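Novice: Below, each chain spelled out in residue letters.
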Amino acid sequence: MRVLAAMSGGVDSAVAAARAVDAGHRVTGVHLALSRTPAAMRSGSRGCCSREDADDARRVADLLDIPFYVWDVSERFQSDVVDDFVAEYAAGRTPNPCIRCNERIKFAAVLDRALALGFDAVVTGHYARRLDTTAGPELHRAVDSAKDQSYVLAVLRPEQLAHAMFPLGGTPKSEVRAEATQRGLAVAAKPDSHDICFVADGDTRGFLRRALGDRPGRFVDESGATVGTHDGSYGFTVGQRRGLRLGTPAAGGEARYVLDIEPVSRTVTVGRRESLATRVVDADAPVWCTAEPPPTFPAHVQLRAHGEPLPASVAVDGQRLTARLERPAYGVAAGQTLVVYERTRVVGSATVVVPAGRAAATVPPSSR
Amino acid sequence: MPATAHYLDHAATTPMLPEAVAAVTAALAETGNPSSLHASGRRARRQVEESREQTAACLGARPAEVVLTSGGTEADNLAVKGLYWSRQGSDPRRRRILVSAVEHHAVLDPAAWLQAHDGAQVELLPVDSDGRLRVDALADAIARDPHDVALVSCMWANNEVGALQPVADVVALAHEHGIPVHSDAVQAVNTVPVDFGASGLDAMTVTGHKIGGPVGSGALLVRRELPLVPLLHGGGQERDLRSGTLDVASVRGLAVAIACAGEHRAALSEHLRSLRDDMEARVVDSVADVRVNARLDRLPGTSHLTFAGCDGDALLMLLDARGVECSTGSACSAGVPQPSHVLLAMGRDERAAAGSLRVSLGRTSTAADTDAFVAAIVPAVERARAAGLAAARP
Ligand SMILES: Cc1ncc(COP(=O)(O)O)c(C=O)c1O
Numbered sequence: 001m002r003v004l005a006a007m008s009g010g011v012d013s014a015v016a017a018a019r020a021v022d023a024g025h026r027v028t029g030v031h032l033a034l035s036r037t038p039a040a041m042r043s044g045s046r047g048c049c050s051r052e053d054a055d056d057a058r059r060v061a062d063l064l065d066i067p068f069y070v071w072d073v074s075e076r077f078q079s080d081v082v083d084d085f086v087a088e089y090a091a092g093r094t095p096n097p098c099i100r101c102n103e104r105i106k107f108a109a110v111l112d113r114a115l116a117l118g119f120d121a122v123v124t125g126h127y128a129r130r131l132d133t134t135a136g137p138e139l140h141r142a143v144d145s146a147k148d149q150s151y152v153l154a155v156l157r158p159e160q161l162a163h164a165m166f167p168l169g170g171t172p173k174s175e176v177r178a179e180a181t182q183r184g185l186a187v188a189a190k191p192d193s194h195d196i197c198f199v200a201d202g203d204t205r206g207f208l209r210r211a212l213g214d215r216p217g218r219f220v221d222e223s224g225a226t227v228g229t230h231d232g233s234y235g236f237t238v239g240q241r242r243g244l245r246l247g248t249p250a251a252g253g254e255a256r257y258v259l260d261i262e263p264v265s266r267t268v269t270v271g272r273r274e275s276l277a278t279r280v281v282d283a284d285a286p287v288w289c290t291a292e293p294p295p296t297f298p299a300h301v302q303l304r305a306h307g308e309p310l311p312a313s314v315a316v317d318g319q320r321l322t323a324r325l326e327r328p329a330y331g332v333a334a335g336q337t338l339v340v341y342e343r344t345r346v347v348g349s350a351t352v353v354v355p356a357g358r359a360a361a362t363v364p365p366s367s368r
Numbered sequence: 001m002p003a004t005a006h007y008l009d010h011a012a013t014t015p016m017l018p019e020a021v022a023a024v025t026a027a028l029a030e031t032g033n034p035s036s037l038h039a040s041g042r043r044a045r046r047q048v049e050e051s052r053e054q055t056a057a058c059l060g061a062r063p064a065e066v067v068l069t070s071g072g073t074e075a076d077n078l079a080v081k082g083l084y085w086s087r088q089g090s091d092p093r094r095r096r097i098l099v100s101a102v103e104h105h106a107v108l109d110p111a112a113w114l115q116a117h118d119g120a121q122v123e124l125l126p127v128d129s130d131g132r133l134r135v136d137a138l139a140d141a142i143a144r145d146p147h148d149v150a151l152v153s154c155m156w157a158n159n160e161v162g163a164l165q166p167v168a169d170v171v172a173l174a175h176e177h178g179i180p181v182h183s184d185a186v187q188a189v190n191t192v193p194v195d196f197g198a199s200g201l202d203a204m205t206v207t208g209h210k211i212g213g214p215v216g217s218g219a220l221l222v223r224r225e226l227p228l229v230p231l232l233h234g235g236g237q238e239r240d241l242r243s244g245t246l247d248v249a250s251v252r253g254l255a256v257a258i259a260c261a262g263e264h265r266a267a268l269s270e271h272l273r274s275l276r277d278d279m280e281a282r283v284v285d286s287v288a289d290v291r292v293n294a295r296l297d298r299l300p301g302t303s304h305l306t307f308a309g310c311d312g313d314a315l316l317m318l319l320d321a322r323g324v325e326c327s328t329g330s331a332c333s334a335g336v337p338q339p340s341h342v343l344l345a346m347g348r349d350e351r352a353a354a355g356s357l358r359v360s361l362g363r364t365s366t367a368a369d370t371d372a373f374v375a376a377i378v379p380a381v382e383r384a385r386a387a388g389l390a391a392a393r394p
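Residue numbers (the working numbering), protein chains in the order written: chain A, 1 to 368; chain B, 1 to 394.
It is worth saying that the hints were derived from the structure and are not from the lab. Computed from a prediction, not measured in an experiment: that's the story for all the values here. Check before you lean on any hint, since a few could be wrong.
To be verified - Label-pair restraints from in silico Cβ distances:
no. : chain 1 : residue 1 : chain 2 : residue 2 : range
1   : B       : Asp118    : A       : Asp231    : 39 to 49 Å
2   : B       : Thr364    : A       : Asp22     : 30 to 40 Å
3   : A       : Ala189    : B       : Thr13     : 57 to 67 Å
As the list claims (entries may be wrong) - Simulated coverage check for chain A against chain B, where a stretch passes if three residues somewhere in it have a Cβ under 8 Å from a Cβ of chain B:
no. : stretch
4   : 65 to 74
5   : 205 to 215
To be verified - Short, incomplete list of chain A residues facing chain B, as computed with Cβ under 10 Å:
no. : residue
6   : Arg2
7   : Ala23
8   : Arg26
9   : Thr28
10  : Val30
11  : Arg36
12  : Arg51
13  : Ala54
14  : Asp112
15  : Arg113
16  : Ala114
17  : Thr171
Cβ atoms here follow ideal geometry from the backbone N, Cα and C, with glycine treated the same way.
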């Protein structure tokens with residue numbers, strides 16, 4: 001096959017590309033430039049889009065003797081990932097930009113372009129497995145559960161999954177690093193990237209403040225009484241405990257958590273941990289990786305990239321998905337992606353609207 | 001990858017002449033620093049000076065006017081910064097640097113640097129839709145205040161679209177007011193008669209690797225009386241304008257290449273022009289919505305084409321996959337393609353600028369190469385147009 005390997009300059013995508021070459025595919029490497037004016041050097045463990053990263057990717061491609069290009073996806077990345085991230089926070093929701101990037105950039109804009117240019121598939125260094133069955137390709141968790149990235153790929157539709165290749169899903173990370181060393185890839189010792197790649201200094205709150213400015217508002221407790229002020233509700237996520245800097249201590253002196261964010265009145269509700277407990281999670285716009293599931297079925301749902309899979313009963317009614325959890329989840333926030341698993345298989349995903357049974361009917365519904 | 005590539009990127013660099021390879025190799029085997037006084041040094045010095053004389057003779061210059069450099073970039077930097085510092089030093093009013101908007105970055109960037117760090121005021125002079133400097137705009141710019149112009153720089157031929165520039169008019173205008181003129185002739189020397197003395201220029205850049213010499217060889221021709229502030233200080237080897245032990249092998253390679261260029265110029269120009277015109281005619285016939293840029297007056301080996309609705313990058317990739325090697329001709333930053341400043345200056349929009357391709361022919365080009373291009377470009381444009389549509393989908 002003619003495949004296009006997305007090469008970030010990191011060790012995972014390098015080994016993935018190398019394995020695609022070994023598998024006999026005709027591989028072309030592409031580095032996605034997410035900014036038109038990339039920084040010259042990477043800083044710390046953040047980012048994947050500095051000039052140094054592009055050069056690292058090019059070095060690997062040269063070693064593998066494959067053609068290599070830089071594709072400028074900066075405009076799409078800005079509008080579909082960065083602006084979306086800011087808008088979601090401004091609306092009181094908690095988005096996952098990596099999911100958005102996979103959904104809109106890597107397996108949409110890039111995949112579409114690749115197919116139009118005559119490629120058959122896009123290869124990435126994600127830790128996840130694609131297993132082909134008679135029902136079509138399935139997405140499964142990686143064998144290395146600590147590195148598993150199936151969560152951020154759960155937005156892929158069957159037609160996208162059919163053109164995706166994840167050569168690392170069956171290998172533990174430590175072996176991937178060892179393999180990079182053994183192949184003589186200069187990136188073998190490069191640190192993993194963490195955090196949000198476009199927030200260069202890792203300070204998400206500062207990033208949002210620069211984008212949105214001061215939007216002062218009140219903290220209220222569950223009775224509605226004002227217990228403090230803040231300068232922007234976008235600086236908080238549901239379930240957050242640290243960094244609230246409330247003026248008035250709670251009556252009983254116990255820790256308080258963000259329970260709800262109401263962006264229009266800029267009111268952040270805080271309260272006890274018990275109040276965060278959610279047993280029913282509503283989500284909308286479900287996407288199914290393989291076939292559409294039955295109207296109700298038992299499954300596990302996961303609400304964060306490295307969250308725990310929670311046993312649940314899932315009901316689907318058109319564009320609405322409801323998960324009834326066996327044990328409560330804490331700190332479920334609108335905008336999060338709910339991923340449904342059946343053992344290791346990803347059934348699909350949907351965007352959390354607002355956890356039923358908690359207050360806050362005021363959050364506008366997600367537009368996704 | 002097909003075994004034999006069709007190399008159509010001679011404006012980026014062109015294969016070394018066998019004569020130049022022989023001269024360089026022979027020189028590499030010799031020992032001797034041209035600045036040393038002993039016999040080995042003298043032998044090396046003689047090689048350098050004979051090369052300098054040969055270079056000068058072929059370019060219409062005097063040997064003392066040849067300042068050997070590490071290539072075109074260094075020569076352009078020396079010209080722009082050296083002239084600015086010297087002119088500004090003798091009269092602090094002289095802060096304006098007038099350059100055509102289509103100069104190579106080796107001219108534009110030193111000028112921009114002087115503006116950012118050293119009080120210069122850079123004016124980019126407009127070009128017409130064929131990429132030729134608008135002489136009227138230069139006249140206006142000088143007339144605004146002839147006394148505060150430090151220098152004018154206008155290339156002989158543009159490296160992206162191949163447009164030949166009205167160097168004689170520029171020199172005439174600037175010299176009316178005693179303003180020195182530099183011209184980057186890097187792309188011209190191979191196929192256009194270039195005579196430094198007759199041109200009236202004050203400084204002119206040449207480089208070896210665009211004419212069959214080695215990469216890393218070049219020269220700035222500088223009129224003898226023209227004061228210039230050096231960039232590199234040290235042993236003062238080149239008239240105190242440039243320091244660094246002379247690289248005898250490079251200097252030999254440059255001289256041989258320039259001499260060969262002079263000897264074969266007319267025949268090569270004819271050969272390239274007919275190959276190019278034939279190729280262009282076939283492309284225009286077989287691809288819809290293609291525009292030939294800078295058609296008016298350009299280098300014989302350059303064909304710069306804009307394919308509507310295409311991404312030049314995608315074209316490059318598809319052609320490369322078929323062993324056809326060309327370029328968009330424009331610079332990139334960190335590999336991120338930037339819209340060409342040359343096409344933007346010619347009045348094209350960003351889309352058109354992004355959908356352009358430079359095919360540049362050279363000494364080793366054959367009809368098989370241009371045939372391969374014509375055969376590959378038709379399906380490539382079709383594909384790239386489809387991909388452009390895919391990318392535009394929300
Ligand atoms: C017009 C022009 N000027 C200057 C240069 C730079 O010359 P060199 O590569 O010798 O530094 C080039 C080559 O890219 C060029 O085309």
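Novice: Now, for every hint given, state plainly whether the structure supports it.
Specialist: Okay, the hints, checked on the actual structure:
Between B:Asp118 and A:Asp231 the Cβ separation comes to about 43 Å, which falls inside the hinted range of 39 to 49 Å. Between B:Thr364 and A:Asp22 the Cβ separation comes to about 36 Å, which falls inside the hinted range of 30 to 40 Å. Take A:Ala189 and B:Thr13: their Cβ atoms lie about 34 Å apart, and the range 57 to 67 Å is violated. Coverage of a stretch by a chain is defined here by at least three residues with a beta carbon nearer than 8 Å to that chain's beta carbons; for the stretch 65 to 74 of chain A and chain B the count is 6, and the condition holds.
Restraint check on the stretch 205 to 215 of chain A versus chain B: 0 residues with Cβ-Cβ distances below 8 Å, three needed, restraint violated. With a cut of 10 Å, the hint placing A:Arg2 at the interface with chain B holds, because the nearest CB-to-CB distance is about 9 Å. Interface restraint check: A:Ala23 against chain B, minimum CB-CB distance 18 Å, threshold 10 Å, status violated. At about 9 Å, the closest approach between the beta carbon of A:Arg26 and any beta carbon in chain B falls short of 10 Å, and the interface hint on this residue holds.
Nearest Cβ of chain B to the Cβ of A:Thr28: about 7 Å, under the 10 Å cut. The hint holds. With 10 Å as the threshold, the beta carbon of A:Val30 comes within range of chain B, its nearest partner Cβ sitting at about 9 Å, so the hint holds. Because the closest C-beta pair between A:Arg36 and chain B is about 6 Å apart, less than 10 Å, the hint holds. A hinted interface residue such as A:Arg51 counts as satisfied when its beta carbon comes closer than 10 Å to some beta carbon of chain B; here the least separation is about 4 Å, so the hint holds.
Restraint check, A:Ala54 versus chain B: the minimum CB separation of about 5 Å is within 10 Å; hint holds. Hint on A:Asp112 holds. Least Cβ distance to chain B is approximately 4 Å, under the 10 Å limit. Because the smallest distance between the Cβ of A:Arg113 and any Cβ of chain B comes to about 5 Å, under 10 Å, the interface hint for this residue holds. Hint status for A:Ala114: holds, given a least beta-carbon distance of 8 Å to chain B, under 10 Å.
Annotation: interface hint on A:Thr171 violated; nearest CB of chain B at approximately 29 Å, more than 10 Å.
In terms of the numbered hints stated before, the structure departs from hints 3, 5, 7, 17, listed from lowest to highest.
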